[in-house]
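Q: What follows is each chain in one-letter form.
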Amino acid sequence: MKSTGFFRELARIVGEEGVLWRPEDLMLYEYDALSSVRQPDAVVFPRTTEQVVQIVKVATRHNQPVVARGAGTGLSGGSVATEGGVVLGFSRMKQILEIDLENQRARVQPGVVNLDLTLAVSDDGYYFAPDPSSQKACTIGGNVAENSGGPHTLVYGVTTNHVLALEVVLPDGEVIHTGAEHWDRPGYDLTGLFVGSEGTLGIITEVTVRLSRKPEAVKTLLAIYDRIVDATRTVAAITARGITPAALEMMDGFTLRAVEEATHAGYPMDCAAVLLIELEGLKEAVEEHADEVEAVCRENQAREVRRAKSAEERDLLWKGRKNAFGAIGRISPNYYVQDGVIPRTRLPEMLEFIGSIEKKYGLRIGNIFHAGDGNLHPLIMYDSRDSEQSARVLEAAKEIMGRCVEMGGSITGEHGVGREKINLMPLIFSDDDLEMMRRIKSLFNASGRLNPGKLLPTGKMCGELRVQAGAGGVL
Amino acid sequence: MTLAVESWRTELASLVGESRLVTEPEACAALAADGKVPNCVVYPPTAKQVAAVLRYAAEHDLAIIPCRNGTKLSTGNPPRRYDLALSLKDLNHVWHYEPADLTISVEPGMKLGDFQHFVGRDRLWLPLDPRGGVRASIGGIIAANAAGPLRQGFGGPRDMVLGLKIATTDGKIVKTGGRVVKNVAGYDLIKLLIGSYGTLGVIVEANFKLYPKPAERVTFTVRVGTLAIARELRRSILSSPLDALRLVLLDSTAIVLTRGTAKANEQKDAEVWVEVGGSRRVIERCERDLGQLGRGIGAPLGRLEVREAEAAWDHISNLSAWLEGVYPDVIVLKAALPIAAGEEFLSHAQQQAEGERIPAASFAQVGVGIVHFCLLQEKLIPGLEGLISRTRKAAVDLGGTLLIEHCPTQLKGRLDVWGTPGDDFEAMHKMKSAWDPKGILVPGRFVGGL
Ligand SMILES: Cc1cc2nc3c(=O)[nH]c(=O)nc-3n(C[C@H](O)[C@H](O)[C@H](O)COP(=O)(O)OP(=O)(O)OC[C@H]3O[C@@H](n4cnc5c(N)ncnc54)[C@H](O)[C@@H]3O)c2cc1C
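Note that the protein sequences, when read in sequence, are chains A and B.
Sequential numbering from 0 applies to the first sequence in numbering that gives the first Met the number 0.
Sequential numbering from 0 applies to the second sequence in numbering that gives the first Met the number 0.
Because the hints were derived from the structure by calculation, they are not lab data.
Incorrect hints may have been included.
[What the hints assert, rightly or not] The calculated lysine-lysine pairs, modelled on BS3-like cross-linking and capped at a C-alpha distance of 27 angstroms, are:
| no. | chain 1 | residue 1 | chain 2 | residue 2 |
| --- | --- | --- | --- | --- |
| 1 | A | 213 | B | 378 |
| 2 | A | 440 | B | 88 |
| 3 | B | 378 | B | 35 |
| 4 | B | 47 | A | 213 |
| 5 | B | 88 | B | 47 |
[Claimed, not checked] Here chain B is said to cover these stretches of chain A; the calculated rule only asks that three of the stretch's residues, wherever they fall, bring their Cβ under 8 angstroms from a Cβ of chain B:
| no. | stretch |
| --- | --- |
| 6 | 15-27 |
| 7 | 55-68 |
| 8 | 154-161 |
| 9 | 257-270 |
| 10 | 381-388 |
| 11 | 395-402 |
| 12 | 410-424 |
[To be verified] Selected chain A positions facing chain B (in silico; Cβ < 10 angstroms):
| no. | residue |
| --- | --- |
| 13 | 4 |
| 14 | 83 |
| 15 | 216 |
| 16 | 312 |
| 17 | 315 |
| 18 | 435 |
Where is the CB? At the ideal position from N, CA and C, for every residue including glycine.
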């Protein structure tokens, strides 16, 4: 427990109501969507950049870690205070500061909820392209820190492709502005470095994003398969036709049934897999592509290809997909979401492999993929009260990850390294690679007090997943 | 430790092989930067050797400029020193090519033209039309963040590079990113290297995401009498459902230049060129819509022949090199602006040039806020600094920046080609020292003298 002097100093910056420090109040902040570690010593809710600067300075004086937190929906333990200290909560910095449609951009505070930004410009025909399934809750600051993706980032790119400029508070309290509201500002692209740095280089206090124009036409197809391998083959076959759908998602039959029971989206209950395919663009292009995609699905033994007939039907299909994790939560006390990436042509092989892992470890694994870009989210179900089973989950997860790496893939496509995967980093990076990253981290965060224990491994513990069972429900 | 030229040359030759170190005056002169001629050129054939050369240079404090053909060597402040040109010409392999995954991994010395030819077999391409055109090398494109008009439809290198291997001045090869299209493991050093003009490390391998080629591409033209009309047309195109692949506004001089001649033009109007792509039906639809937008401003829709369009776009990519042949002291200014400010900037720039009676041509990527403004001079005339400074001020006042992309060396002593850095300069400075503590890579040429 820190001295009351410390809390008083924080309260002087943000007011009494802007600081939490009683253990019962801190409970909510001891976990994110992955794991629970320990409580922070205090949670502070700034309203301005200047307050963030002051808080960072107080924390420095007291030698306390500082961890930024958006909505806490992260799936890699990024916003948990592994070493205690101050959590900077951004729920009071949620103003959209400027919307400038002619310049296709918006300037926002980091606590703005992803979907709220899209809703703010939707009537004018615009939207913010990165659409994580958690978009109703997660914040733009969290998206930037994780470089988040979403179903539609297949064609439009992930968060980094839509961020133009940042305001950043560095650990010493200095404020810098990176990037510009236009392309090609001369100099190093520090914006590109800060995006995806998981709160370990600086605290983001303002974000300028690119807004995209809504497409004229959208068609949503649901291709239904009796064999999972046919669904996975379809993915590469669509690409081979020179078509890049806006979204190309896959769910296996098991996941689908859980989703259908939870959302009644109209998914078939008796199939082995579905592909949810969305095409966007000019009316003529979308029509042509929809016909071609349907043909490809049928060539690959789709049992049926349905087209959403109305916006409601489309929304329902997406609601099912976007609530899939929640649906699994209803049928399994705990689940562990993985985030490996493989070249999309290797999907059939990978699914077979995951099937063999299920058998080998006696576990149930649901498969839900951003199939178009080869980003896998196997959901390993378990009960955290069963410690022997939890251990098996970690073993299974490790094998799946190892396979992704062997296939030339990555350990994380969008959820970030966080604390969960730091010890998997040596699977894809050499000592020299990691050393360069450490050198860069130390330029900004030399003391290591900014979000300690994340993103970079400290020692050489190759291939160990480091997730602990906790009250959060997930591992 | 400074060594006599002969002794370091001998030692370097033993690192890369006798035949791969060249001292012939012509070879050295071809890679001169702002009049500074290197002592020799090395052509390492492997990434490891590139790293070895860098380490040796760092140990012996030799200043290096990495390059390929030198298509972008004219950009930057004059180098503080320049001992050795590191040519990546022989790093020319394709390491992995997975057409079905739309990914490729290549070495930096490969020319864009060869690259496009290679993947074109599978009807794929890298939708980039950078300065230097087909002659530009992959490494140079990344180092200079070189994107041309195709940025309208596809973005730039930062949207296409999936991973890099970088040789560093401590003789190592570090990797960032990977070969898959989605990846957030570790810090994104790719972005740092893109647009760093060789000042941090030398790119020795690059992984790209590839794109299916549109079935057909057509360029439509609309005459616009005034900048106000051009602005109106730009707004209506950008808010329409059409997805232009390229969208440029060319003044009448620029239109002539795209035909590869310097003959005067009888036509006084500017034109907006819109390239669209897709199936025939899609293109017909675009033609209808553009025709309607044109009628809205009282201008008929033109259409370039396929060959003519290709040649014109090529000319636009090769502009500086070509202009230099005709106007030895040509100055190319590149303004990067908020999209809405493009036409207003052009109006300022044109007034400035007319005021000084300097012929000019403008190529404006109006949908992405990039304007190339070229001052066409055969001989440098006095008083130009004032004109450039005022034009730069106009860009800055409109919320943009102005880079002097190409100009005679004499002018560089008097004007900083990059403009004034911002409050993140200290961080950039630290970044430079983390990668290149001895300051041997391209010393003094980049922003703020980095
Ligand atoms: C049901 C569900 C579905 C999901 N679907 C997706 C998906 O489709 N795609 C995807 O990519 N992710 C997905 N996620 C993961 C998660 O939602 C994203 O990573 C999201 O961007 C996190 O945002 P947040 O506001 O919750 O951030 P938090 O979890 O609070 O924080 C995440 C990281 O960002 C840092 N951070 C937060 N704010 C700042 C700031 N202002 N400055 C510096 N660092 C900061 C934190 O320190 C932490 O390291 C999903 C999660 C859930 C629970």
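Q: Indicate, hint by hint, whether the structure satisfies it.
A: Hint-by-hint comparison with the structure:
no.: 1; hint: 213/A with 378/B; in the structure: 49 angstroms, violated
no.: 2; hint: 440/A with 88/B; in the structure: 34 angstroms, violated
no.: 3; hint: 378/B with 35/B; in the structure: 21 angstroms, holds
no.: 4; hint: 47/B with 213/A; in the structure: 47 angstroms, violated
no.: 5; hint: 88/B with 47/B; in the structure: 15 angstroms, holds
no.: 6; hint: 15-27; in the structure: violated (count 0)
no.: 7; hint: 55-68; in the structure: violated (count 0)
no.: 8; hint: 154-161; in the structure: holds (count 4)
no.: 9; hint: 257-270; in the structure: violated (count 0)
no.: 10; hint: 381-388; in the structure: violated (count 0)
no.: 11; hint: 395-402; in the structure: violated (count 0)
no.: 12; hint: 410-424; in the structure: holds (count 9)
no.: 13; hint: 4; in the structure: 32 angstroms, violated
no.: 14; hint: 83; in the structure: 25 angstroms, violated
no.: 15; hint: 216; in the structure: 8 angstroms, holds
no.: 16; hint: 312; in the structure: 22 angstroms, violated
no.: 17; hint: 315; in the structure: 25 angstroms, violated
no.: 18; hint: 435; in the structure: 5 angstroms, holds
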